[in-house]
Structure formats: structure tokens, C-alpha cells
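Student: Based on the hints, put chains B, C and D in the right spot on chain A.
There are 4 protein chains.
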Amino acid sequence: MQSIKTLQEKKNTAILLIHCPDRQGILATVTEFLNRNKGNIIYLDQHVDRQEMIFYMRVEWELDRFAIPSDKIGEYFDTLIGRPMQMVWKLYFSAEIPRMALFVSQMPHCLFDILARYTAGEWDVEIPLIVSNHQKLEPVAKRFGIDFHHIPVTKDNKAEQEALELKLLGEYRIDFIVLARYMQILSKGFVDRFPNRIINIHHSFLPAFAGAKPYHAAHERGVKIIGATSHYVTSDLDAGPIIEQDVTRCSHADTVENLIRKGRDLEKIVLSQAVFKHLEHKILVFNNRTVVFN
Amino acid sequence: MQSIKTLQEKKNTAILLIHCPDRQGILATVTEFLNRNKGNIIYLDQHVDRQEMIFYMRVEWELDRFAIPSDKIGEYFDTLIGRPMQMVWKLYFSAEIPRMALFVSQMPHCLFDILARYTAGEWDVEIPLIVSNHQKLEPVAKRFGIDFHHIPVTKDNKAEQEALELKLLGEYRIDFIVLARYMQILSKGFVDRFPNRIINIHHSFLPAFAGAKPYHAAHERGVKIIGATSHYVTSDLDAGPIIEQDVTRCSHADTVENLIRKGRDLEKIVLSQAVFKHLEHKILVFNNRTVVFN
Amino acid sequence: MQSIKTLQEKKNTAILLIHCPDRQGILATVTEFLNRNKGNIIYLDQHVDRQEMIFYMRVEWELDRFAIPSDKIGEYFDTLIGRPMQMVWKLYFSAEIPRMALFVSQMPHCLFDILARYTAGEWDVEIPLIVSNHQKLEPVAKRFGIDFHHIPVTKDNKAEQEALELKLLGEYRIDFIVLARYMQILSKGFVDRFPNRIINIHHSFLPAFAGAKPYHAAHERGVKIIGATSHYVTSDLDAGPIIEQDVTRCSHADTVENLIRKGRDLEKIVLSQAVFKHLEHKILVFNNRTVVFN
Amino acid sequence: MQSIKTLQEKKNTAILLIHCPDRQGILATVTEFLNRNKGNIIYLDQHVDRQEMIFYMRVEWELDRFAIPSDKIGEYFDTLIGRPMQMVWKLYFSAEIPRMALFVSQMPHCLFDILARYTAGEWDVEIPLIVSNHQKLEPVAKRFGIDFHHIPVTKDNKAEQEALELKLLGEYRIDFIVLARYMQILSKGFVDRFPNRIINIHHSFLPAFAGAKPYHAAHERGVKIIGATSHYVTSDLDAGPIIEQDVTRCSHADTVENLIRKGRDLEKIVLSQAVFKHLEHKILVFNNRTVVFN
Chain A
1 MQSIKTLQEK
11 KNTAILLIHC
21 PDRQGILATV
31 TEFLNRNKGN
41 IIYLDQHVDR
51 QEMIFYMRVE
61 WELDRFAIPS
71 DKIGEYFDTL
81 IGRPMQMVWK
91 LYFSAEIPRM
101 ALFVSQMPHC
111 LFDILARYTA
121 GEWDVEIPLI
131 VSNHQKLEPV
141 AKRFGIDFHH
151 IPVTKDNKAE
161 QEALELKLLG
171 EYRIDFIVLA
181 RYMQILSKGF
191 VDRFPNRIIN
201 IHHSFLPAFA
211 GAKPYHAAHE
221 RGVKIIGATS
231 HYVTSDLDAG
241 PIIEQDVTRC
251 SHADTVENLI
261 RKGRDLEKIV
271 LSQAVFKHLE
281 HKILVFNNRT
291 VVFN
Chain B
1 MQSIKTLQEK
11 KNTAILLIHC
21 PDRQGILATV
31 TEFLNRNKGN
41 IIYLDQHVDR
51 QEMIFYMRVE
61 WELDRFAIPS
71 DKIGEYFDTL
81 IGRPMQMVWK
91 LYFSAEIPRM
101 ALFVSQMPHC
111 LFDILARYTA
121 GEWDVEIPLI
131 VSNHQKLEPV
141 AKRFGIDFHH
151 IPVTKDNKAE
161 QEALELKLLG
171 EYRIDFIVLA
181 RYMQILSKGF
191 VDRFPNRIIN
201 IHHSFLPAFA
211 GAKPYHAAHE
221 RGVKIIGATS
231 HYVTSDLDAG
241 PIIEQDVTRC
251 SHADTVENLI
261 RKGRDLEKIV
271 LSQAVFKHLE
281 HKILVFNNRT
291 VVFN
Chain C
1 MQSIKTLQEK
11 KNTAILLIHC
21 PDRQGILATV
31 TEFLNRNKGN
41 IIYLDQHVDR
51 QEMIFYMRVE
61 WELDRFAIPS
71 DKIGEYFDTL
81 IGRPMQMVWK
91 LYFSAEIPRM
101 ALFVSQMPHC
111 LFDILARYTA
121 GEWDVEIPLI
131 VSNHQKLEPV
141 AKRFGIDFHH
151 IPVTKDNKAE
161 QEALELKLLG
171 EYRIDFIVLA
181 RYMQILSKGF
191 VDRFPNRIIN
201 IHHSFLPAFA
211 GAKPYHAAHE
221 RGVKIIGATS
231 HYVTSDLDAG
241 PIIEQDVTRC
251 SHADTVENLI
261 RKGRDLEKIV
271 LSQAVFKHLE
281 HKILVFNNRT
291 VVFN
Chain D
1 MQSIKTLQEK
11 KNTAILLIHC
21 PDRQGILATV
31 TEFLNRNKGN
41 IIYLDQHVDR
51 QEMIFYMRVE
61 WELDRFAIPS
71 DKIGEYFDTL
81 IGRPMQMVWK
91 LYFSAEIPRM
101 ALFVSQMPHC
111 LFDILARYTA
121 GEWDVEIPLI
131 VSNHQKLEPV
141 AKRFGIDFHH
151 IPVTKDNKAE
161 QEALELKLLG
171 EYRIDFIVLA
181 RYMQILSKGF
191 VDRFPNRIIN
201 IHHSFLPAFA
211 GAKPYHAAHE
221 RGVKIIGATS
231 HYVTSDLDAG
241 PIIEQDVTRC
251 SHADTVENLI
261 RKGRDLEKIV
271 LSQAVFKHLE
281 HKILVFNNRT
291 VVFN
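Chains as they are written, first to last, in this note's numbering: chain A, 1 to 294; chain B, 1 to 294; chain C, 1 to 294; chain D, 1 to 294.
Simulated from the structure, these hints should not be mistaken for lab results. Honestly, I wouldn't trust all of these hints.
Identical chains blur together in the list; that is why a pair holds if it fits in one copy or across any two.
Unchecked claim - Derived DSS-like pairs (lysine-lysine); straight-line CA-CA distance at most 25 Å:
(1) Lys-282 - Lys-10
(2) Lys-11 - Lys-142
(3) Lys-277 - Lys-262
(4) Lys-213 - Lys-158
(5) Lys-262 - Lys-11
(6) Lys-282 - Lys-11
(7) Lys-167 - Lys-282
(8) Lys-136 - Lys-213
(9) Lys-136 - Lys-10
(10) Lys-282 - Lys-262
(11) Lys-282 - Lys-142
(12) Lys-11 - Lys-188
(13) Lys-262 - Lys-10
(14) Lys-262 - Lys-142
(15) Lys-155 - Lys-262
(16) Lys-155 - Lys-277
(17) Lys-11 - Lys-90
(18) Lys-142 - Lys-10
Just chain A, same shape as in the assembly (with noise of 0.2 Å):
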């Protein structure tokens, strides 16, 4: 689909997201190393779980005068301070744009919205892929122009579907996978491959109803408000580290029908929510939670 985007001035920096064991010093020690090489500090968040004494930190500079070369920083880093002070660490460079993977099912609502704000320039991504267990939402993938794979998944095929899929996602060299009300469970083999680079979104507000058919169960159990959740994927079903969560009235005059009407708005914003915080780096997971950076 031609393109509507609005040219945007591009960043050029860096993003590191660490933890470690808290102790005196930490954010000194980070910030003054940026500031002796010339990193314009342009973000900086930290936070400390004082129950568990984990530091946390996401902070953002400028490469523009940045004294080490880009390919050397995470060397740097971890010599200098990541190692001595038992960081965990991640580094990003805004000018490497992820790639990421579509899977859908039938439903189309999660897709178009991932789909419009990828056309209208909102996020710095790439969507090259869009793979689903139906042909239905083939037309959708045509018209945005992006590559559509149909892989039907039985019983009988699932390991060599998955084995099918992987080798695309190599292809394609996808960083990180969007499931868009993509209604297959994957292997624990599948999902170690991509830990914490897989994002669902669940039409609960878990671990309320987690499983099948959440709505139906919503109106059985007479709730007066409905929710969806937003995770990473583990092998552990519905279980995954929590990335955004949202919740939306309802009464005992909805029907399921109704529920879920108002619970497709709730799935679309919360997962491109989610999606949005991935790829700002603003997500970091630890003990099957995760801290999310404003």
C-alpha cells in the first residue's frame, strides 16, 4: 500500500536496559559514563524493588558525539561496569528497526489496527510476514501489501507446521512475533526460540478466565466489568509476564454477543499498546513480571 507517512526527523541513539543486584553507586556509575564519552542523556528511569533489592534501568542517549563507537559500546560496557557490578543487560540502537510477524486466525480486528498504525508511520517497524491457520484475512495481508502464509495446524501436522513457520521467521529474519488473536497454542519448543519476543493478547483480564471462551465465562460468572491482557508467551498458558492490561463496564443487559463487541475495542488498543512499549525498549522481564518504563 503506498505509503501515508508523515517524514519524521530520525533519532539516532542508543537504549540500554539493565538489572542487577541493587547496591550504592549504580545510576553514578551509568550516567557518568555516558557523560565522560559525550551521550547526551535524552531518557533516563530507574527503579528499585527494595523487597527484592533488584535494580532496574532504562536509559537513552545520543550517538551523535558519542566518543565509542557504536559496535564497541556493548563490549565497553560490560568490561567497564555491566560485569563488575552482575548486570544483566540489553543494548538498542534506534536506527535498527525490528522486524515482526504477524499470526492471525479468523478475527481481523487486531490485525487492521496493527496494520493502520504500520501504514500511518505511528511505529519504526517492518511487517514483512503474516502467517495464519486460515486463508480468511488473505485478502487483508494482500491489500497492505505484506506476505501472507497460510500453515493450517492439526494434531497430526503441529511439529512440522512449526517447523515450516521457524524456517520462515528465519527467512524473513523476524525479531519478534505479534499473535493477533492467532488461535493455536505453540510448543514449548517453538516458544523458547523467541523468549520474550512473543506477544498475545488475551481476551480476559487474567488470570481471571484464563483458557478457552473467556466471554462466555465472563457472562456466566455475572462480572460488571470485562478486561484483556497483553503478555509475553511462555510454555505456561496464559501465564506469561504481563505487559498491559485494560477493562471496560458491562452489565447484566450484555450479552455474550455484547461482551464481546466492547471486548474487541479492549483486545486492539491493549495489544497495540503493548506492541508500542516492545518496540520503544521499554519492557524489561525478570521472575515472570515485567517492568514497564514510562
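Tutor: Just chains B, C and D now, with coordinates in the frame of chain A:
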């Protein structure tokens, strides 16, 4: 405590809560009955569950010119309309002020919220009795001039202490009970004496985190929203019909203590909203779910 | 675009929206009229404004066994009930699919949201026409297979361009217009041609921040919540009857750009919810306020 | 009233609130200063407004092993860091319990909410004084054992009555004032004596419906959401820096009386949240806007 109520003009109305199998003409029959007998309708709301084909209705009318004496309304209605239409119905009069007992333990926030509304005259209710398994909140009861009975409950004395409570409830002619963070589980025998007349506040977004220590469980799971749920008590713990729920946002930065603090505000508001709906006779229960009229 | 709709069983119903001075027996009269003529009521909601003594009602019934032919219902109802009871009423048929025009400028998020729902078959509507004062979104219209007319408007040519638009609206037999972030003010003459049939989205919580650049104004004022408001357009700018509003939290850390980004999600959902209510014929306007049925 | 507080371990900390022109190294400088002098940091949050290039920071550290005596911290900090970096800073000690005065009129809900939290020990505050222009709430003050001064204000006696209030505030050594639905406008002279130390609750979602009777105005406008706003009082009515806001849904079915009832719950929670943030020294004011730390 000296009253700070502002005198209000009192309504003199009757209220009917009805449910029955849906069929043509129920609404017309009921409204025609009231109109013909000069009952000026000041509230009417109805709902049809078209999946279960159940008709629900709340109607309120002025008694001043109503042709049927108040003590005969039930009989007339049942004979002429209720029985022929297989209705389950309840009749209330705005002039009859319900009598409420409060059960509390050690946390005062819900108790204060209810007593503040009571003292301020927000609610048409009498609160002659507070029961507690601890002595801690006795000073609060005293300052508001309400009888306080300390009835400690252990595994061993539960049956006899509940018998004592039931005796008190009888003596004080209590219509319904509000558990304002009362940390004891009532026996099935006790609950069965007050069907849909015991209101509890659970400090989670049910059905998530039923049972003990829901804020700890919410923190452990890493949810991004916490909630509170008011419900009628049944013998099935935390599984009774939900009356009201509300939520508030939290984040990785919230300790368990923060969740508990934020939760207090939710709990007291959600409980008081349920009590208010109950006092207005706007709640119908069917199949373990509530219909809550506006 | 190739349809991805799922076939749904179509309703064949009539819908009446009524308001009139309140008096005894309106509800009974209307329901009795429908029942007597074998109109199976599948929706009924009513509201009485007891301060202004106005009765509001929405009733929907099945036509399959209804005794009065569809083209005579209006006449019969008006003669037998409407005129005697001084009703203002409107009659709609579920079989008549409304035709909607979209007016857009340069921002695509509301447009995409509406076209996604349209393509997915969420709404019973036809969208044959998109009008814009810019060319930027023409590619979007093309991909969804909808006629796009570029009609730039300046101070000098406004009258003739609006005449052109009105001509197009006639040719396409448009029933109502949705302004999906259309950044032009329509003249009184234009608006008067579509009373309560032009829906706008304003990117603030009206009446706060009416007029231009509401996110800048919200940032300047330091609010902690931003909102969006959908409303019918009147000749009084941003002052028409409000249909729906929603809000989201913000903080000191949000730049104007962040507010704009967060606001986009509000705007598209709040606009689409208003369109949906309009399509369901669930909105009544009286005294510049809406009654929105559930 | 007999205390129902639970004994808590008291923190012994110092808190610095800082803002200054942004430049490299501020964070490193401050944390290094604290670390070097054995001040164990237990809270640190900072924010940079990159449009105005202002750096904001809140840091809290334990005093037990801190090398600089408490009465010298301000001097040392100003000499070594504050002045060189052009900082505006404030220093607080957790051991110094602030003294708060309540100003009320006739509505008790905010008063009760604050006194309940005070009695329950939720807040580290002393409330020795309640001032009112009416006598109605005197019984509430009495029951909670707090001095109550009835100071009626008219156009003619305003200056002398405010002088009397200021005298009382001095005698009671009051640090800050909370207007808990106090229905009098304070003069500029009075307000200037307590800059950013008078907290008001306005019963609307400001800047919508500033001034008198906001619920009537909201009803008249037909909004679908109402709100409440807590803010510091400035001499410009309802235009001071906003601390907290919250909203709740309403509909055409809500009378003005309903809006007032729903609004009470918003008002008391939003006011108490602002007071809590103030007590925690988590609010910074700059350019008529607040930075509210988490």
C-alpha cells in the same frame, strides 16, 4: 453522635421487583394495573434476557392516591398478575427503613465510610448493631453511638458464637448484614438464614484472586490493574452473585503495601455502592447473577 | 476490497424512537398496540425525565408476523397513538441499510478504524463516499475500494465547495456524515441540511478545550486526564449534543506529542462507538442533549 | 477519639525536591554526594522536561548513618551543589510531622474521609484545627476530638475574619490547609501566605465547569462523564496547579441530584489522594503545573 442530617422530604412509594418467564404483555399488564389504580409510576425499568427468556422488572409508584391499601397490595398483585404470570416478586415500601448490621474485624476503612454516610444521612437505613471478632474497632462504634458486640470466633467455638450472633440479629431485628472487611468465613447454616441479604467486599477483581491475601497474589502475578468486588454471600466462598466491581491501575513500582493502600479506596467505595443499590431495592438475583437496575 | 464478512442471519425488525410529554399509560399503550398486532418486542427501553416531564422510548419488534404492512406502520401509529399523545417519533427498519459519507483531512487513524469495522462486517452500513480537503488519504480510500473526492476548501471558495459536497451527498444518497478528524468548519447552511446526522469527534473532553489545539491547551493547563468527545454537529462549534466521551490518564511526563499519540486511541474508539449507536438508532436528541439507549 | 492506629516502624529519612535548568551530570552529582556521605538512597525519581529543559528530582535517603548532621544538610547541599547548579530545592525530614488545618462548610463527606484516614493512622499528619463558616459540622469535629472554630464570613467582614483565621493558623503552627468543600473564596492576601500549601477540591473535571454549580452545568451540557479536581489554590479561582483528577460515567438518566451523589465519592477520594501526595512531599510546582512523583 449528634445528627448532621439535612431534613429531606420523604417519599411514600411502593417498589416491586419481578422476574418471570418472558411472554407478551407483561409490561402492559403491570403498568395498566398500576395506572388503573391511580398509582403514579415514578420509576420503571425492565430487562429481558432473551437467551434464557426471563423478564426482569423494577417499578416504583406513589402510594398517596393508590386505590389499594398497602397491606393488601401483595395479595391483590399476586392473585391478579403474579401467579397467573408465574412471577417471583418482592414488594418493598420506601417508608420501611431497613435495619443493617455491620460485621468488622480490624480494618476500619469500610466501617468509617459506611458510618460517615449513615451519619450524613446519605442512606435511608438504621444501623443499630456492630459485631466484631476483635475489640479494636469498639472505639469507632462508640463514637458513632452504635452498639458493639465483641464475639471472638475460633475453630472450636464457631457454632456457638454464630448462634450468639443470630440471637443478636434477631433481637436487633436486623434485615441484612454488611461484612465490612470481616475476616471470618460464615457457616452455610448462618448464610442460609440471610439469602441475598449478606453483602461482602472482596479485595480483588473476582474471580481473579479469590481466597486469602489477594494483593500478595496480584503482586506475585504482576498484574497492571487491581480491583475490588462486592457480592452477596453464598456458602460457596467468594463465589456469590457480584453486585459491583471497580479497578485501579498499578505498576511494577507498586509494592504489596501500595496495592493494599490503593485497594482500600476501591474497597470502601465498591462496598458502599453495593449497599446503596441494596437499600434502593435495585438488585435482583437469579442463577447466581445479579440484575442491577440504574 | 474483497469482503471478509461472516454471513449473519439478518434481523427483520422495526424500531420506534419516541419522545413526548410524560403522562400515565404511554408505555402500556405502545406495547399493547404492538402486542395486539402480533409485533414481537425484542427490545424495549424507556426513560422519563421527571424534571422536564418528558417520556423517552426505544422499542424494536419483529416484522415477520406483524399485522400492519411496513409502509403503513408510520401512518397507523401516528393516527392511533402518536398525534393523540403529542409524540415526536421516528421509525426505522433494520432492513434499510444507512448510507454514510466520511469526511477526512490528513490524519488516518479514525478513517482506518471505521473502514476496518466496515470491511469486517461489524456494522450494518454502506460507505460509498469519502470526501477530503486534502489528497493524502486517497490511497487509503482506494485500497478499501471507496470513491474519494478531493475538495479543497479555502475562505474564498467555501460556499461553492460546500455546494459541490452537497451535490455529491445527494448523488450518493447519503443518510449521514461522519467527520473523521475533518479539519474544516462546516457552514450553518450545510449543517442545517443534516440535523443530528453529522457526527464529529473532538479531541478533548468537552466542554474543556473546545476549539483548536486542545492537546496543547491540555498540556499547558497541566491536566492529569485527557479525553475525547463525539457529538452531533450544530452550527455552534463544538457545542452540539454529546454522544460519547472517554478519557485516559496522563502526567507531567507526557509531552504534547505523547498526548496526541494517546489521544488518537481515544478518538477512534469514541467516534466509532458514536457511529455504532447512531447505526443502531439508539440516540434521541432533545434540548441539545442526547438520550443514548443501552 | 481513642486511637486505633497500629504501631508502625518510623522511617528516619530526608527528602530533597529539586528543579533546575537541565545539564549533564546533575543526577550523578546528587547521588554521588549522598553516596559519599553514607546516605542510603531508598527513593529516587527524576524527570526532564526536554521542551523547557528543566530537570526535576525527588530523592529520599536514610539519615541513620548519614555523615552530615540534619541541621547542616541544607547549608552543605546549597553550597556544594544547589547554588552552583542554579537549583530551586526543598528539604524535608520524615520525622517532622506536618500540621494541617481543615476548612469546611456544610458538606461532611470530604471531612469524614480525611478524619477517618487520620484516625486510622493512614497518614503522618497532625490535624489540630478545623475552621468553618458554618456550625453544622461542629459535632463531627467534637467526636474526633479536634478544635473547631466557627468563623462566619460575609462580604463586609471578610478581611477581619481572614485576619482571625491567620491568627489561629499561627497559634496552631499550621503548615498547610485543606479546603474540604469550603464554600468561600479566599482573598489573594490570604492565599499568598500559603503558596502551594492550600489544597482545594473542585467538583468538576477542570478546566470544564469552573466556578459555581458545576454539576448543574454538567447536566445542562449533557456530558457523559463527570469529574473532580484537586489543586493548589492560587489567587486565580479554580486555576491553580492541578494535583489529581478522576472521573466517573454518567448518562441521560442521571439527574443533577445523582451527579451530586456520584460526585461526592470522586471528590473525597481525589482530595485525599492529593493530601497524601502532599504529605509524602511528592509534588513539585513549576509554571502553574505540578510534577507528581510516583
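Student: The structure should be examined with respect to each hint, and the outcome stated for every one.
Tutor: How the hints compare with the structure:
| no. | hint | in the structure |
| --- | --- | --- |
| 1 | Lys-282 - Lys-10 | within (18 Å within a copy, 35 Å between copies) |
| 2 | Lys-11 - Lys-142 | neither (31 Å within a copy, 32 Å between copies) |
| 3 | Lys-277 - Lys-262 | both (24 Å within a copy, 13 Å between copies) |
| 4 | Lys-213 - Lys-158 | within (22 Å within a copy, 40 Å between copies) |
| 5 | Lys-262 - Lys-11 | between (37 Å within a copy, 20 Å between copies) |
| 6 | Lys-282 - Lys-11 | within (16 Å within a copy, 32 Å between copies) |
| 7 | Lys-167 - Lys-282 | neither (29 Å within a copy, 51 Å between copies) |
| 8 | Lys-136 - Lys-213 | within (21 Å within a copy, 41 Å between copies) |
| 9 | Lys-136 - Lys-10 | between (37 Å within a copy, 22 Å between copies) |
| 10 | Lys-282 - Lys-262 | between (28 Å within a copy, 16 Å between copies) |
| 11 | Lys-282 - Lys-142 | neither (32 Å within a copy, 36 Å between copies) |
| 12 | Lys-11 - Lys-188 | neither (37 Å within a copy, 45 Å between copies) |
| 13 | Lys-262 - Lys-10 | between (37 Å within a copy, 21 Å between copies) |
| 14 | Lys-262 - Lys-142 | neither (28 Å within a copy, 29 Å between copies) |
| 15 | Lys-155 - Lys-262 | neither (32 Å within a copy, 41 Å between copies) |
| 16 | Lys-155 - Lys-277 | neither (34 Å within a copy, 42 Å between copies) |
| 17 | Lys-11 - Lys-90 | within (19 Å within a copy, 35 Å between copies) |
| 18 | Lys-142 - Lys-10 | neither (29 Å within a copy, 29 Å between copies) |
The structure fails hints 2, 7, 11, 12, 14, 15, 16 and 18 (numbered hints given earlier, in ascending order).
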